[in-house]
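Can you build the whole structure from these sequences, using the hints too?
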Amino acid sequence: MRINRRDFLKWSVAAVAALKLEMDMDKLNTVMAADTDPPVIWLLGSGCSGCSISTLNVTNPTTIEDVLQNKISMKYDSTLMAGAGENAMQALENAANQYNGQFILVIEGAIPGGASKNNCIIGEQNGVPLTMYDAVLKYGPKAKYVVAAGTCASFGGVAAAAPNSTGCVTVKSLLSGKTAKPVVNLAGCPVNATVMVQTLLDLILTGVPSLDSYSRPSKYFSTTVHSVCPRRETEEVSQPGIYGCYEEIGCKGPGNLSPCPSLKWNNRQGWCVQSNYPCIGCTSPAFPLNPVISVSSHD
Amino acid sequence: MSTIKLDPVTRLEGHLKVEVTLDANNAVASATVAGMLFRDFENMLLSRPPRDAAFLTQRICGVCPVPQAVASSKAVEKITGFKPNLQGLMLRNLIQGANFLDSGITHFYHLSLLDYIQGPQMSPWTGGYTQDLRFSAADTQTLTNHYLSALQIRRKANEMAAIFSGKLPHAANIVPGGVTALPSATEITNFRNYLNDIQSFISSTYQSDVNMLASAYSDYYNVGTGYGNLITFGVFDTNTSGGLLFPAGTVTGGTVGTFNEANIKEYNKYSYYSSPSGQAPASGTTTASYGKSGAYTWLKSPRYNNTPFEAGPLARVWVSGDYRNGVSVMDRHMARYVEMAKLVSNMQTWLDQLTPGASGFTNIGDPASGSASGLTEAPRGAIGHWLSVSSSKISKYQIITPTCWNASPMDDSGNPGPVEKALIGTQVADPAQPVELLRIVHSFDPCTGCSVHVMSPDGVEMSKFVVQPLGK
Chain A
1 MRINRRDFLK WSVAAVAALK LEMDMDKLNT VMAADTDPPV IWLLGSGCSG CSISTLNVTN
61 PTTIEDVLQN KISMKYDSTL MAGAGENAMQ ALENAANQYN GQFILVIEGA IPGGASKNNC
121 IIGEQNGVPL TMYDAVLKYG PKAKYVVAAG TCASFGGVAA AAPNSTGCVT VKSLLSGKTA
181 KPVVNLAGCP VNATVMVQTL LDLILTGVPS LDSYSRPSKY FSTTVHSVCP RRETEEVSQP
241 GIYGCYEEIG CKGPGNLSPC PSLKWNNRQG WCVQSNYPCI GCTSPAFPLN PVISVSSHD
Chain B
1001 MSTIKLDPVT RLEGHLKVEV TLDANNAVAS ATVAGMLFRD FENMLLSRPP RDAAFLTQRI
1061 CGVCPVPQAV ASSKAVEKIT GFKPNLQGLM LRNLIQGANF LDSGITHFYH LSLLDYIQGP
1121 QMSPWTGGYT QDLRFSAADT QTLTNHYLSA LQIRRKANEM AAIFSGKLPH AANIVPGGVT
1181 ALPSATEITN FRNYLNDIQS FISSTYQSDV NMLASAYSDY YNVGTGYGNL ITFGVFDTNT
1241 SGGLLFPAGT VTGGTVGTFN EANIKEYNKY SYYSSPSGQA PASGTTTASY GKSGAYTWLK
1301 SPRYNNTPFE AGPLARVWVS GDYRNGVSVM DRHMARYVEM AKLVSNMQTW LDQLTPGASG
1361 FTNIGDPASG SASGLTEAPR GAIGHWLSVS SSKISKYQII TPTCWNASPM DDSGNPGPVE
1421 KALIGTQVAD PAQPVELLRI VHSFDPCTGC SVHVMSPDGV EMSKFVVQPL GK
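Protein sequences, first through last, are from chains A and B. Numbering follows my numbering, in which position 74 of the first sequence is assigned residue number 74; successive positions increment by one, without gaps. Numbering follows my numbering, in which position 253 of the second sequence is assigned residue number 1253; successive positions increment by one, without gaps.
Please keep in mind that the hints were generated in silico from the structure rather than gathered at the bench. Keep in mind that the hints are not guaranteed to be accurate.
[Said to hold, decoys possible] In silico SDA-like cross-links for lysine to any residue, where the CA-CA straight-line distance does not exceed 20 angstroms:
#	chain 1	residue 1	chain 2	residue 2
1	B	K1393	A	P254
2	B	K1396	B	A1262
3	A	K264	B	S1184
4	B	K1292	A	Y214
5	B	K1393	A	A162
6	B	K1269	B	T1287
7	A	K181	A	S210
8	B	K1005	A	L289
9	A	K219	A	T206
10	B	K1078	B	G1365
11	B	K1342	B	Q1199
12	A	K144	A	D134
13	A	K264	B	T1186
14	B	K1393	B	F1082
15	B	K1396	A	P163
16	B	K1269	A	N118
17	B	K1292	A	S173
18	B	K1005	A	E124
19	A	K138	A	Q102
20	B	K1393	A	S294
21	A	K264	B	I1188
22	B	K1342	B	G1365
23	B	K1292	A	S116
24	B	K1342	B	D1197
25	A	K264	A	P254
26	B	K1393	A	N290
27	B	K1005	A	P129
28	A	K264	A	S294
29	B	K1005	A	P254
And the structure:
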């Protein structure tokens, strides 16, 4: 079922070329020579699995069945994996030890510190409950790269919305000073599938991409929604549900750095403004504002 | 007596733990099912405008966000006495229906099937139990191929929804007042092309696969039978005067009864909450108390007439009369198929009722005050939002999700929750590979992102853990 080495190489070259990136042949050969797909461990904390589901929806640069069979080796993913209970938790521990310093750790959801970290327990190892908080501290420093998938993991998001009684913290804050490379924040509620999968491939092929001041990859998060919105020049309207520009009713597009208008969603079938609703700013560190949208909150 | 602990139960949304004790003959003598994540959604909704709830509550579950938005929007609309026009109702049906199709296919192929076949021998499909695998190598290969093609179908169901919803997960535009999309003739055609593809997969591949499973594992019509009590709030408006494709109702002893919202109460003796037990959802309060003596889960126990009821596709198709065979692991799988076949066919009809370019949205604003419930169905069962508004802000919000019905703990009278009850009595052939337990739990399609109840902020812990200031 695996793609052969030649096809993978061909595909990798195409992916790198599409990104207009310098190809690091030595790096790629090393990846190929490893005789195994780069290992990924995916942990879910205080989140909704929406970033997992979004990732399953990927079509660009490739589909999930291709990613899972040919591009990465998903060593732990509680949504998809066959194993359960002890088998699952052993797979997690074994992968982290076997690929110590080599695997990519993806964290979905924020990390609750409330109730002495017991607001989220991901399973038991040797009969002892492992909290998400301790799991991130345990496996984060062993990872080659750490990716925060979605706004909850990146900035707290809905999981940490006021009053945040579950004490949710971000991946970056919890692992501050504990990782070899900076945590990559893939903001979005959920993360856009292309941003997610392409970033995994970027990490495998070329390393940590250029990041903005919020640790988001600059190539996806350097343009505001408004600056490339196809409705920018259209008439401003006073309510959603009518074709037009929603700046007057608090659209977050002018202040929100996001690839939505260009990448769109779900194989380019839509995005929020296209469905006649203002941008709610879900890739922003401030998401979700109270109210989510209001004229006064617009800046 | 020996104990089996499954933590985590994988292949579901969220964090679920199952623990059973076995008697001398390896039959399950007692079972506890526990939700291991607490998110406090209801508290974060307070003091927000009512229209925010459709967005925030969708983030309870990335697998079935749409029903949360619909339940929330319905609650706000009920306070204002508003009902969306036919265009708005049909758009909601089509988006919610697409979410059902996506969720149902994901459930059968990606969350359940690996309990019956050994998948590809590579991560993440290794490490499952090898006990009681009955399919031939050829059939296993066929089902594995369908596992992969189903990944495309479930993705297409999301893409189909996004034509009218902007995106999934987390639809952009299901709000109080309707749906803001203005479907063009091209978009309607695009939607229909997707729908035809999905309908074809359901009527050919899915139908034959679920029948193959039911044939090879026919003994599972007698496993995981539980109480046999079923409940549904009803879903999918067929007109503007209250008609529903799947009506509300209950089933006890095989007999369909009338659903009465007033009969719902929630109990929390065995949940990590210290607030009063036995309240109606509209008046319930909840104070978190992790480690409370005797408690073992973040889920509360919703009960109907003080009795445990099971929610899900089986409840819907039993009440609607489309499937009335029995209550078991295999009946849950068959019911899901029967429902999806009926749903996908009706979605064709609803699509015909769309008027190109017409609005399905009315700008109703936020109600100033009032209380109401918004009841609908998620793929995995009955979902209710109970909303109170004062000074145009949310003053109370209570949510009962399907998994709270199914994966609830014992109630105050000591009655186990429906999944717990379904586990009790199950014969485990090899306690080192308790696949029977996984099959039972997965047949309910649990989703524990819904451990969401209101709590008072835990002052002690709050002072210790503060989220990194935004913008740093």
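Enumerate the violated hints, using their earlier numbering and listing them in ascending order. 1, 4, 8, 17, 22, 28 and 29
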